[in-house]
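> So you can see what is in the structure, the chains are spelled out below.
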Amino acid sequence: MDRLLRWLEIPIHLMLWLGLVAGFLMMAHVTVDVTGRTFFSQPFEGTTEIVSGFYMVAMAYLPWAWIARNDGHIKVDLFASFAPQRVVEWMEIAVKIVTLLYVAVFTWRTSIRAIQQTKLGEVWLAGTAYLPVWPSRWILPIAAFMMALYLALRVVSDIAALARHNGAPK
Amino acid sequence: MSTLSLALLSIGSILFLVALRLPMGVALGGVSILGFWYLRDLRVALSLFEDTPFVFAASWDLTAIPMFLLMGSITNNSGISTALFRAARVWFGGLPGGLAVATNMACAGFAAACGSSVAAAAAMARIAIPEMLHHGYDKALAAGVVASAGTLAALIPPSILFVLYGIFAEVSIVKLLIAGVLPGLLTAAIYTIMIVVRCKVDPSLAPRIEFENRELLWRERWNSLAGVWPLLLLIAAIIGGLYGGVVTPTEAGAGGAFTALVIGAAQGRLNLANILDALRDATVTTAQIFFVGVGAVMYTKFLALAGVGQMFVEMIGAWSLDPLLLVVAASLIYIILGMFLDPLGIILITVPIFVPMFAALNLDLVWLGVLVVKYVEIGLLTPPVGFNVFVVKNAVGDSIPLESIFKGCLWFLGCEVIIMALLIAFPQISLFLPNTMN
Numbered sequence: 010m011d012r013l014l015r016w017l018e019i020p021i022h023l024m025l026w027l028g029l030v031a032g033f034l035m036m037a038h039v040t041v042d043v044t045g046r047t048f049f050s051q052p053f054e055g056t057t058e059i060v061s062g063f064y065m066v067a068m069a070y071l072p073w074a075w076i077a078r079n080d081g082h083i084k085v086d087l088f089a090s091f092a093p094q095r096v097v098e099w100m101e102i103a104v105k106i107v108t109l110l111y112v113a114v115f116t117w118r119t120s121i122r123a124i125q126q127t128k129l130g131e132v133w134l135a136g137t138a139y140l141p142v143w144p145s146r147w148i149l150p151i152a153a154f155m156m157a158l159y160l161a162l163r164v165v166s167d168i169a170a171l172a173r174h175n176g177a178p179k
Numbered sequence: 358m359s360t361l362s363l364a365l366l367s368i369g370s371i372l373f374l375v376a377l378r379l380p381m382g383v384a385l386g387g388v389s390i391l392g393f394w395y396l397r398d399l400r401v402a403l404s405l406f407e408d409t410p411f412v413f414a415a416s417w418d419l420t421a422i423p424m425f426l427l428m429g430s431i432t433n434n435s436g437i438s439t440a441l442f443r444a445a446r447v448w449f450g451g452l453p454g455g456l457a458v459a460t461n462m463a464c465a466g467f468a469a470a471c472g473s474s475v476a477a478a479a480a481m482a483r484i485a486i487p488e489m490l491h492h493g494y495d496k497a498l499a500a501g502v503v504a505s506a507g508t509l510a511a512l513i514p515p516s517i518l519f520v521l522y523g524i525f526a527e528v529s530i531v532k533l534l535i536a537g538v539l540p541g542l543l544t545a546a547i548y549t550i551m552i553v554v555r556c557k558v559d560p561s562l563a564p565r566i567e568f569e570n571r572e573l574l575w576r577e578r579w580n581s582l583a584g585v586w587p588l589l590l591l592i593a594a595i596i597g598g599l600y601g602g603v604v605t606p607t608e609a610g611a612g613g614a615f616t617a618l619v620i621g622a623a624q625g626r627l628n629l630a631n632i633l634d635a636l637r638d639a640t641v642t643t644a645q646i647f648f649v650g651v652g653a654v655m656y657t658k659f660l661a662l663a664g665v666g667q668m669f670v671e672m673i674g675a676w677s678l679d680p681l682l683l684v685v686a687a688s689l690i691y692i693i694l695g696m697f698l699d700p701l702g703i704i705l706i707t708v709p710i711f712v713p714m715f716a717a718l719n720l721d722l723v724w725l726g727v728l729v730v731k732y733v734e735i736g737l738l739t740p741p742v743g744f745n746v747f748v749v750k751n752a753v754g755d756s757i758p759l760e761s762i763f764k765g766c767l768w769f770l771g772c773e774v775i776i777m778a779l780l781i782a783f784p785q786i787s788l789f790l791p792n793t794m795n
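Going line by line, the protein sequences match chains F and Z. Converting from the first sequence to the numbering used here requires adding 9 to each position, the first position being numbered 1. Converting from the second sequence to the numbering used here requires adding 357 to each position, the first position being numbered 1.
Bound-form chain Z, shown alone (with noise of 0.2 Å):
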């Protein structure tokens, strides 16, 4: 069998199994298992599980994952959401559709404390969309909005899936976690932008809401700070300090985390339970990722030794590609793969396969990173599997129905090709950050 034929047949097979609902790690781990007896013979082939394993989990990069994600449940059970949601209420409330701006402000500010999206856009839809429906927000517009900020999760540090990311591409963690402040920052903007023309030009959409003493609001506003300033205190020492190169991720994340949990309890937020609560969340998140991860490592080693990446690297250099060629390509591939499979599946399926096809092309592997995390968060919201959707849909019951949450999301998919047109044009948005540390 030729290798193009092998490599297809693989990830045929993978998506197939993971079709008839085979867990990803399974159907990775299994297809490398097959891959590995009829290229070498069983006894190579079983001895993959001996030290793969092991090796793949003791490795201190990989420590940041549990605690990105401890740090994320701490601060989500201390209930800062709330007040992140209540402070940007009455900062941005004003502004014509006002309350999609808060909610999309307070995705963004929760983003820089919790590197999952679905756990963000779970957290805000309780609090966000029951307060905009209240005022007489359109329905599709309040979930869309949770739904679509939600995803910048991801991308404003901490983020789990740069950590994989970095790991499986052999990039610098903390290169990646910078490069992604700014893209974030340029998605929240848009996002801002967007709905203050939309409200602007229709305002049904989203009833102005008056404030009608100026100098009340003001001090509410100040008040409002008083909840959220340890938070954002937080979040400028974590980026600081990984920027600064003074701590490495998983020590930004343990020392988050614990902040996170100091100030919790100091405020009254956060009791024994809720601790328990969110430490239990991280352990199993955990587990779960590195039970689709060890079969991903196995699958990376099985590519490797039928010389996939070589191949397609000598035919990147046969048809002298064009960069943007392949940008587009690789675009559209992750598109497709979005509609169906979860941002973890998808990065560990596609990165061993891309990056040496973008290394041979001298393209940035950390420009790359931004692309694909952009990329997998808009699988989030795109049908039929939209898990942002979902999650929003999970949270709302049955007062908001599926079809308009994800009609909800198709602005802000609008929003998502301005976006990444300006990240590909614009390596520097993505690269700027990262070029500029030691």
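Bound-form chain F, shown alone (with noise of 0.2 Å):
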């Protein structure tokens, strides 16, 4: 379990990584646009379809499984302080669970749309040309595929862990 958990840090990683590159490009590009609208006079065609329509959501989607890897998730903290900790654990899987039914369905329901979309050829009108934007619609299901994956194993590996702690003699 836990060397499956090592291998899915390589596309956890990279996911993050283009999740940079997209930030990186959203910053260059709208640069470039405001630059060249102001002082030549000369806009870049499409910026505002191509930054919402890819960095964009890149950007908002592809580091979901770095969170769950980070539990970085904007979370308050009052249970923790009176409850016992057997039951903190249990609870800590618990809402795993949970999540992880719900990124489940929404990898579910995205990957439907995601399909539909991709036989439609969905574009946006950009300017004077069209721009595919049915790629970017596979974002989301991914991404939330890689989160599920992610949770899953944790829960797995989370429960076998705290059996073994049962277990083991104080």
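Keep in mind the hints are simulated off the structure, nothing from the lab. Only a predicted model underlies this, so the values are computations on that prediction, with no experimental measurement involved. Ideal Cβ placement from N, Cα and C applies to all residues, glycine included. Treat the hints with care, as some may be off.
What the hints assert, rightly or not - Quick list of in silico lysine to any residue cross-link-like pairs, SDA-like style, CA-CA up to 20 Å:
#1 Z:K658 to Z:G369
#2 Z:K764 to Z:V475
#3 Z:K764 to Z:P487
#4 Z:K764 to Z:L361
#5 Z:K658 to Z:R400
#6 Z:K658 to F:V114
#7 F:K128 to Z:V412
#8 F:K128 to Z:E407
#9 F:K128 to Z:D408
#10 Z:K496 to Z:G754
#11 Z:K496 to Z:V412
#12 Z:K496 to Z:K557
#13 Z:K658 to Z:D408
#14 F:K128 to Z:V475
#15 Z:K658 to Z:L363
Said to hold, decoys possible - Now the stretches of chain Z that chain F is said to cover, found in silico as 3 or more residues with beta-carbon under 8 Å:
#16 600-608
#17 715-728
What the hints assert, rightly or not - A few chain F residues that face chain Z, going by a derived Cβ cut-off under 7 Å, partial list only:
#18 V43
#19 V66
#20 M68
#21 I76
#22 R122
#23 W143
Each of the two chains sits in its own frame; use the hints to bring them together as a complex.
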């Protein structure tokens, strides 16, 4: 199980890095566009569409598995302060399972939509040309699937660790 | 089930699930799905996932968030906060409580490059608190000023919270950003007055720093500006560009991030590792916001389907409520929620409910935005869950106990009472600048 989790590090990091690239491109693309427009009256056609249709979607979703891995969700920590340790540990697992369910449904439904939009060949009108945005639809199910996979492996590994810990003499 | 009980049940369940440590995004999204299932059927509930997340993210308005975050993290990594504090120190250090005033001013300056309070407090805590403690400052004052002045970041543009409020309340983001300027400066000014008066009355809180050679001091003052003038220029360009309608918030953020990058590299304060670190910060925080945001959009849709906004509007019509009463009621709710939830969560849960009520009474939604952002920032300082206090505690380690930091914040919360009273009594403070825009 732990070996699987280690392997998963590679795609998780890869997706985070793609998110970073999208972030850099967003900054560069918008800066070039605004400079061109302001100083040379020469805007870049389709900036708005490319930035929101691709870079933004990539930044918003690709790091999801990384967030789950670092447990970086914004959450409130009141419960842990007055519940016994054992209860807190099981609650953590229950929380992961519920999150896993949510993300799994997210993966399932967004992939249905991605398939539909791919078949339709979804495009946006960007300036005078058509921008194919259907590939961007796939970012959501792929990112969510990776997060779900990570959470599933973590749940199994956490339960195993807790069971081992239970059996071990204090 | 009546609409009112449905609304209350949904909010209650979300708060309960969050208290059980479920991520806010899952709580919001999960409750919305169950709500849709109850009101319609499972097929409709599941179909929520099909378009909502993509359409929500693929939005030009929201691209301001990663760009503001990037600008903040690049500025932060380029060590500008140190230069700002150094400059503020030589300019304001001679006042009673001078280092605390300098911290407050440096936070205000940093706020103009950074859109997140927690990031601002974290950056300033590491620089300013050791310096204040070194000069024998009261620990509660030293920690309190950093935690409190850190909240200026959400008020002075750029601000992540104003962007989110603007999207969910359907209000002009540019106007909101500009509306935050004067309340932010007012907050910094009142904090300064409080610090100076307190330290004048009780000099043991903050031993005076003597600058013996006046001539040398002035030379130091002008020299200190060398490190910060590019940032000051950048700030002026961004606020001016937004105010004049020359650039959109995204363009201001992207251009700001790029300029900060060039300045940092030119001054030799940024290397590749810093830049990648800044990019990672911005990307991961963006993804975290979207994880919560997707749930919040679904919750907004659920409330709309249940007719909650409409119900509140009718209720308010029937009560013929005094607007001031609504503002006071909203204030109490924000203060209570602020004790437990983070700013993002509070805004996303409450905006779909309060905005229709305020709109029904013809109250200005830009003004409401300023009040909401102020309240959630006050929530960063109130126990038991005061995020900025925790951030400062994290930065100072064992040298200052948590209680002292909360105690230090009490004086600033006292100032907030005055500031909020002023902002509520005089909406012009918030609305003057945006109303002069075209």
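> Would you pick out the hints that fail for this structure and give their numbers low to high?
The structure conflicts with hints 4, 11, 14, 17, 23, although it agrees with all the remaining ones.
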